[in-house]
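Kindly produce the complete structure, drawing on both the sequences and the hints.
For the sequence shown, this note's numbering assigns the number 531 to the initial residue and increments by one for each residue that follows.
Possibly wrong hints are sitting among the right ones.
To be verified - Below are the DMTMM-like pairs computed for lysine to aspartate or glutamate, each with C-alpha atoms no more than 20 Å apart in a straight line:
1. Lys657 with Asp674
2. Lys551 with Asp539
3. Lys551 with Asp576
As the list claims (entries may be wrong) - Estimated spans, in silico, between C-beta atoms of each pair:
4. Gly586 with Lys657: 20 to 28 Å
5. Arg661 with Gly586: 36 to 44 Å
6. Ser688 with Leu606: 47 to 55 Å
Calculated directly from the structure, the hints in this document are not laboratory data. This one's a predicted model, so the numbers in the text were calculated from it and none came from an experiment. Using N, Cα and C, we set each Cβ at its ideal position, and we do this for glycine too.
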Amino acid sequence: MTSFGVSHDSEIVKDDAEEIKRAMFKCLPRTDVFLTSGGGWGSERDLVVTVLRQLGWQEIFHRVRMGPGKGIAFGLWQGKPVFCLPGGPASNEMAFLQLALPGILRMGGDNRHPLRTVYARLTEDVKRRNRAWTEFKEATLFQDPEGNYQVKLYGKRSRLQAIARAQGLVCIPEGLDSLKSSQIVPVQVLVPRLDGM
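Structure follows, in structure tokens:
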């Protein structure tokens, strides 16, 4: 958050309903927006959304048609916006980048998406898992000899490696089965700069 000029305090809380309530009330007087990580899905330890319901929050949505990141929840509690991010690393990152961070920055008057977009030519077909939601894929950006951007998927790897090393994100919109090699697509840039950008 400090990369975007947003100050923050953090609390580490056990998977315990009373501890979550205590932390929420403790932070309430000094907080403009809540951002929680984990506890928003459906297991016996996913308590955050359940606790917020007990506290009478106004739930705007819980789960979206986006992968990864579909487990995000958003609502208002005590007049404060609350973003509940999923706990899995890939889902957490995507829910934060696509929904929570833009929402928080908009509260400060910035209407732009926080990730810069460039247009690049795909070097391969990109297939999706489910056409019923928007899907994001980690990718690598590079320039051809003419200076045009090319993009390829990060490749066979662990999810954590992809999160740490990807340079951009390719989006497959809801309703499409795939993107085709040589197609020019928008790519959200994750790295601070690439040569020529």
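Violated hints - listed by number, lowest first: 1, 4 and 6
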